[in-house]
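If you read the sequences in order, they're chains A and B.
As numbered in the UniProt record's numbering, residues 1 to 334 make up the first sequence, in order.
As numbered in the UniProt record's numbering, residues 1 to 334 make up the second sequence, in order.
Just so you know, the hints here were simulated from the structure itself, not pulled from any lab data.
Please note that a few of the clues may not be correct.
Note that the list lumps identical chains together, so a pair holds whenever it fits in one copy or between two copies.
Claimed, not checked - The calculated SDA-like cross-link candidates involving lysine to any residue, where the alpha carbons are at most 25 Å apart (straight line), are: (1) K235 to R66; (2) K327 to V128; (3) K235 to L19; (4) K130 to G55; (5) K191 to R293; (6) K291 to R2; (7) K235 to V27; (8) K235 to G7; (9) K130 to R209; (10) K235 to A16; (11) K130 to R104; (12) K240 to D61; (13) K240 to G10; (14) K130 to V98; (15) K130 to A245; (16) K291 to G29; (17) K240 to Q113; (18) K291 to F9; (19) K130 to R59; (20) K235 to A17; (21) K291 to E244; (22) K291 to G183; (23) K240 to P134; (24) K191 to G31.
Number of protein chains: 2
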Amino acid sequence: MRIDELGEFGLIDRLAARLGQGDESVVVGIGDDAAVLQYASNMQVVTTTDMLVEGVHFRRDTIDDRSLGYRSLAVSISDIAAMGGRAKHAVISLAIPVDLEVERLEELYIGVQEICTEYGTYVVGGDVVKTTGPFVISVTVLGEVECGRALLRSGARPGDLIFLTGTAGGSAAGLDLLLHGQGIELAIEQKSDLLRFHQRPAPQILAGRLLQAGGCTSANDVSDGVSSELHEISKQSGVKLVVEAEQIPLHDSVRAYAALRGRDPLEWALFGGEDYQLIGTIDPAMQEQIKARFAEAGVEFTIIGQVEAGAGVTLMQDGVGRELPAKGFNHFGS
Amino acid sequence: MRIDELGEFGLIDRLAARLGQGDESVVVGIGDDAAVLQYASNMQVVTTTDMLVEGVHFRRDTIDDRSLGYRSLAVSISDIAAMGGRAKHAVISLAIPVDLEVERLEELYIGVQEICTEYGTYVVGGDVVKTTGPFVISVTVLGEVECGRALLRSGARPGDLIFLTGTAGGSAAGLDLLLHGQGIELAIEQKSDLLRFHQRPAPQILAGRLLQAGGCTSANDVSDGVSSELHEISKQSGVKLVVEAEQIPLHDSVRAYAALRGRDPLEWALFGGEDYQLIGTIDPAMQEQIKARFAEAGVEFTIIGQVEAGAGVTLMQDGVGRELPAKGFNHFGS
């Protein structure tokens, strides 16, 4: 169906019908001038926003609409995770090319609702407008974190240990598979792993909550690659970060695909980004306690290096250290 | 300067430098994964979002960049006003054509900071991305309102009176002047009024606070024209709204320009929109008290009709009633 057959308000009704109604935290949801939200008095509000542009952040040949909806919220929910919070509410704005079909948007909202159900997040508002350019999705997520307990980038101290949740490089491997993987004989389960890493990244809210329980001195989510994220922590904490190449966890499917492609999977981990795992630093005195928390919750947690006095990010590989560049995905980079 | 000379992070630094730092409500502002905000325990969080697309919502020949920045926040702050709240925090995302000059964005942010200073609002985050299409601005504003005291669209009851703050039609008149006003001999002060109505609309936060103090049964901001806004209240409250044409307040400059253009200024008021005044209903028993509050604050407040049992919106003119259509600006309208 063409969107101009529905009109703006018909479209909003149709998309809103795909969404959940909210819990007691949603006092007023979609349908008034603004949404009204109830947060507990011991909580601070955490907010983050991301904009995705067709042709820049996603392509129709590398992601289906449902996964796109899922992923669009995942990138912002991940930022809430990196603060140690819970993602409670979202507003979504769409700039829609006039020839886009309503059914594509409905698929998108099925994906949105899938991730909202998983994370206990409610869509409470948004805006739909037309554009003469590419499809644009703008998402703002609101969450909550215990007062004064947000995980920042600025608390790493010399002597701390560097951690990473899950594995890195999977999203870049998945994108590579979509763009260049024709004819490569990877097992179907392994292909499926890589596509999932790229199209349906899992924001690490649970890991953030486990870290927020104590002992974490800094945290970032891996949106621009391990190297770029470590540089941000290094800069904001005023410390040097030293990571061991062999300790950086890579998924077996990523290793297998890299071998077939003749690529170094570590490059995907360091500079690929979009894994949406958490990376950061912990107090070494809390190491065993934190590891036990993660083991009990069944969440992968790996120590990959340590913090020293100084500046920058060093990768140790075969006993040799090299300075890692801060590069990652950079809009407007030359 | 070209944006690719600065890069993404250089651009963010440059734009952030135009903005204020925040007060004690901003625990963590721009520069981490997410912002952390402190709201009082007796307050609920109010949030709204708007997206503006060049060529659809604004044109370079009808608004300068500084006014565009001002206006982009005004439309969302106005939604907070219509809930009776205060606008406390904003996040702004930009999809930027790669050939746009950095100086234009800096001008935009000067306008953003101007309205933020006026309303005690702080920009706490955002995103900048590139696009192959038109310039897109996406704004989400967070505000606060006393628990359970938000002004909704759904509370109008038969017997209530319909109010409008300020005057209507000014923005449509201003846009008409910009597009078709060449050679029309309007006084310079009157031209200036019309341009201000269109380019620098004033969100009615103070009016919303005065209404929120008691006696208001429903409220909307006038973004799509008086007729469309009244239809929303009619629909959500399940009542009939009857407005008196002669009571709808029009600014002298709007009347003067309409006369020169041979147009009916009432049409601009009813169907033009973008005035960002508040419209709604009050309890008749509270009429004098509310009028006194507005008079003391120096805010224009006019009773323009009354609520009856039934449905729809009727305009009384010269003793004859006619049903007003719900039309206003409709994206994707055919």
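Hints and how they fare:
Within a single copy, K235 and R66 get their C-alpha atoms no closer than 37 Å, and across copies no closer than 33 Å, so neither meets the 25 Å cut-off. Only between protomers do K327 and V128 lie at most 25 Å apart by alpha-carbon distance; the minimum there is 17 Å, versus 34 Å within a single protomer. Taking the shortest alpha-carbon separations for K235 and L19, only the inter-copy value of 22 Å comes in at or below 25 Å, while the best intra-copy value is 40 Å. Taking the closest pair of Cα atoms, K130 and G55 come within 25 Å of each other both inside a single copy (17 Å) and across two copies (10 Å).
Taking CA atoms no more than 25 Å apart as the test, K191 paired with R293 passes in neither setting, with 31 Å inside one copy and 67 Å between copies. Proximity of K291 to R2 under the C-alpha cut-off of 25 Å is found in neither arrangement, the shortest distances being 53 Å within a copy and 48 Å between copies. Proximity of K235 and V27 under a CA criterion of 25 Å is satisfied inter-copy only: 20 Å between copies versus 40 Å inside one chain copy. When the C-alpha separation of K235 and G7 is checked against a cutoff of 25 Å, the pair qualifies only between copies, where the shortest distance is 18 Å, while the shortest distance within a copy is 48 Å.
For the homomeric pair K130 and R209, neither the shortest alpha-carbon distance inside one copy (39 Å) nor that between copies (33 Å) is at most 25 Å. For the homomeric pair K235 and A16, the shortest alpha-carbon distance between copies (18 Å) is at most 25 Å, but the shortest distance inside one copy (42 Å) is not. When the C-alpha separation of K130 and R104 is checked against a cutoff of 25 Å, the pair qualifies both within a copy, at 15 Å, and between copies, at 23 Å. Proximity of K240 and D61 under a CA criterion of 25 Å is satisfied in neither setting, with 40 Å inside one chain copy and 50 Å between copies.
Proximity of K240 to G10 under the C-alpha cut-off of 25 Å is restricted to the inter-copy arrangement: shortest distance 22 Å between copies versus 54 Å within a copy. Taking the shortest Cα distances, K130 and V98 sit within 25 Å of each other both inside one copy (6 Å) and across copies (20 Å). In the homo-oligomer, the alpha carbons of K130 and A245 never lie at most 25 Å apart, since the shortest distance is 47 Å inside one protomer and 33 Å across protomers. For a Cα distance limit of 25 Å, the shortest separation of K291 from G29 qualifies neither inside one copy, at 39 Å, nor across copies, at 31 Å.
Neither within a single protomer nor between protomers do K240 and Q113 lie at most 25 Å apart by alpha-carbon distance, with minima of 41 Å and 36 Å respectively. In this homomeric assembly, K291 and F9 never come within 25 Å of each other (Cα to Cα): the closest approach is 50 Å inside a single copy and 34 Å across copies. Proximity of K130 to R59 under the C-alpha cut-off of 25 Å is found in both arrangements, the shortest distances being 19 Å within a copy and 14 Å between copies. Taking the closest pair of Cα atoms, K235 and A17 come within 25 Å of each other only across two copies (18 Å); inside a single copy the shortest separation is 45 Å, beyond that limit.
In this assembly of identical chains, K291 and E244 lie within 25 Å of each other by CA distance solely inside one copy; the values are 19 Å within and 71 Å between copies. For the homomeric pair K291 and G183, neither the shortest alpha-carbon distance inside one copy (41 Å) nor that between copies (76 Å) is at most 25 Å. When the C-alpha separation of K240 and P134 is checked against a cutoff of 25 Å, the pair qualifies neither within a copy, at 41 Å, nor between copies, at 41 Å. Taking the shortest Cα distances, K191 and G31 never come within 25 Å of each other, neither inside one copy (42 Å) nor across copies (36 Å).
Hint violations for this structure: numbers 1, 5, 6, 9, 12, 15, 16, 17, 18, 22, 23, 24, all remaining hints satisfied.
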